[in-house]
Amino acid sequence: MSERYGRRVVAPASQHQTLPSLSTDRLVLRPVELGDLDLMVALNSDPAVMTYIRGRGATPDETAAEWRQRLDHQSDAARGLGYWAGFHAGVFVGWWSASSFEGRPEISGIGYRLRASGWGRGLASEGATVMIRQAFACRDIDRVFASTMAANAGSRRVLEKLGMTKYASGAVSQDRQEIPGWEHGEVAYELTRAKWSRPTLDRN
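Letter 65 of the sequence shown, counting from 1, is numbered 65 in this note's numbering, and no numbers are missing.
One should not assume that every hint holds.
The calculated label-pair distances, taken between Cβ atoms and stated as ranges, are [said to hold, decoys possible]: (1) Q174 x A78: 32 to 42 Å; (2) S197 x Q177: 38 to 48 Å; (3) D61 x E106: 34 to 44 Å.
These are computed hints drawn from the structure, not numbers from a lab. Predicted, not measured: the structure shown is a model, and the values here were computed from it. Every residue, glycine too, gets a C-beta built ideally from N, C-alpha and C.
Working from the sequences, and respecting the hints, build out all of it.
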């Protein structure tokens, strides 16, 4: 699952903010650090995890570059937005994110990536629910969005469970044509603050 939309905002280094630790009934979510690289390398090395992201497992160098980019350029700690490592019963199960974007202070992107052992247990939606709440804690954000491959039925179910609605679709770039189902393209989902705030929306 990805949260791609545009360039993320970086908080000025002089601000020295740190992201808060978060939790759910089953998850402890703490800010991702450079020291977590080994966890991310192991996660990305699993071809099953990366099926709809690269179509293959990522190399350690690819993962290192990915996380340098995320931590240096895709987090805005001043607004409480960024990436969290998730642990269940003390064991790393994946990461979740709520991101912000340059020139678009009104939107936030939701993302997650779980180890295969965490699939089918409701952990993806449990962590993503917290990410949505964290995003809407920023008063200027009026909607969150997420994108995934159209063929990724599991991720689409998670997004729909979160109350998100499909609002766009499109072709994938040529460099992603190793991904199964690439010919069906990508789909984007959104959830507005107004809808999220309705008491009838289940956010448990």
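Now the hints, each set against the structure:
1. Q174 x A78: 32 to 42 Å: Given about 36 Å between the Cβ atoms, the range holds.
2. S197 x Q177: 38 to 48 Å: Given about 40 Å between the Cβ atoms, the range holds.
3. D61 x E106: 34 to 44 Å: Holds: the Cβ-Cβ distance is about 36 Å, inside 34 to 44 Å.
Consistency with the previously given hints is maintained throughout, with no hint failing.
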